[in-house]
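These protein sequences, in sequence, are chains A and B.
Residues in the first sequence are numbered from 1 upward in steps of one, following this note's numbering.
Residues in the second sequence are numbered from 1 upward in steps of one, following this note's numbering.
These are calculated hints, taken from the structure and not from any lab test.
We treat Cβ as the ideally placed atom computed from N, Cα and C, and that holds for glycine.
Mixed in with the good hints there might be a few duds.
[To be verified] The calculated DSS-like cross-link candidates involving lysine-lysine, where the alpha carbons are at most 30 Å apart (straight line), are:
| hint | chain 1 | residue 1 | chain 2 | residue 2 |
| --- | --- | --- | --- | --- |
| 1 | B | K19 | A | K56 |
| 2 | A | K42 | A | K56 |
| 3 | A | K70 | B | K19 |
| 4 | A | K56 | B | K22 |
| 5 | B | K36 | A | K70 |
| 6 | B | K40 | A | K42 |
| 7 | B | K36 | B | K19 |
| 8 | B | K22 | A | K100 |
| 9 | A | K67 | B | K22 |
[As the list claims (entries may be wrong)] Here are some chain B residues the structure puts well away from chain A; computed CB gaps all over 10 Å:
| hint | residue |
| --- | --- |
| 10 | M13 |
| 11 | L45 |
| 12 | L116 |
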Amino acid sequence: QKEVEQDPGPLSVPEGAIVSLNCTYSNSAFQYFMWYRQYSRKGPELLMYTYSSGNKEDGRFTAQVDKSSKYISLFIRDSQPSDSATYLCAMSGGGGSNYKLTFGKGTLLTVNP
Amino acid sequence: ETGVTQTPRHLVMGMTNKKSLKCEQHLGHNAMYWYKQSAKKPLELMFVYNFKEQTENNSVPSRFSPECPNSSHLFLHLHTLQPEDSALYLCASSQVSAAGGGETQYFGPGTRLLVL
């Protein structure tokens, strides 16, 4: 079983839709959970960061972590064409290796005008 | 310059060539990383330098050789690469604290490498 599973998509939605992206993981030591956004021909940029379980909201973006289910989600409300990108989940933590990130494969999202 | 910069942005090389990738971070961080990003695969951590000391080498073939002369600069020296090494090579940096704590990594734009 891979440490982090993420559906690569592609996912195509109309403008204004609510988008749900998610990852599952197997390592219960993970404590820090991140979502990165990567535009074509660019490096990943941090979008959301959460510690342990719970929700975090930032504008149109909401990150949720359910450690009991080993499941994290990113919701995008009122999606815009500019949200079209690959979304990568990443996580770290446990055993003095907090700096090591384990990534999912990324989900390619296209928001159609 | 701000953030993390990488040069060159694109590189084509033959299997017998020797080339180097350069990364520079302008964030005052103390840790730097090399990742490989291939299609349909998660980012693969290759090397980690923490306070200029190499602390991680994820079973990377010796044809990849990292160098970290100071906390702001990181190089990846390439020699006798294989076509399967073609990928996007990403550099990142973070501020690692003694206590640890899920430090955020900031990425450069990457070098797109094609090995012929």
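When you check the alpha-carbon spacing of B/K19 and A/K56, does it fall within 30 Å? 43 Å, violated
For the pair supplied as a hint, B/K22 and A/K100, confirm whether the alpha-carbon distance does not exceed 30 Å. Holds, at about 21 Å.
Is it true that the CA of A/K70 sits at most 30 Å from the CA of B/K19? Distance of about 42 Å is beyond 30 Å: violated.
Distance restraint between B/K36 and A/K70, which requires alpha-carbon spacing of 30 Å or less: 26 Å, holds
Given the hinted pair A/K56 and B/K22, is their Cα-Cα distance within 30 Å? 36 Å, violated
Does B/L116 sit more than 10 Å from chain A, CB to CB? Consistent with the label, B/L116 stays out of reach of chain A, its closest Cβ about 20 Å off (over 10 Å).
Run the distance test for B/K36 versus B/K19: straight-line Cα separation, threshold 30 Å. 16 Å, holds
Below or equal to 30 Å on CA atoms is what counts here, so check A/K67 against B/K22. Measuring from Cα to Cα gives roughly 38 Å; hence the hint is violated.
Given the hint that A/K42 pairs with A/K56, does the C-alpha gap stay at or below 30 Å? 25 Å, holds
Beyond 10 Å from every chain A Cβ - status for B/M13: For B/M13, whose nearest Cβ neighbour in chain A is about 19 Å away, the distance exceeds 10 Å, so it holds.
Checking the smallest CB distance to chain A, is B/L45 really beyond 10 Å? 7 Å, violated
Straight-line alpha-carbon gap B/K40 to A/K42, limit 30 Å: 16 Å, holds
Consistency with the previously given hints fails for numbers 1, 3, 4, 9 and 11, ordered from lowest to highest.
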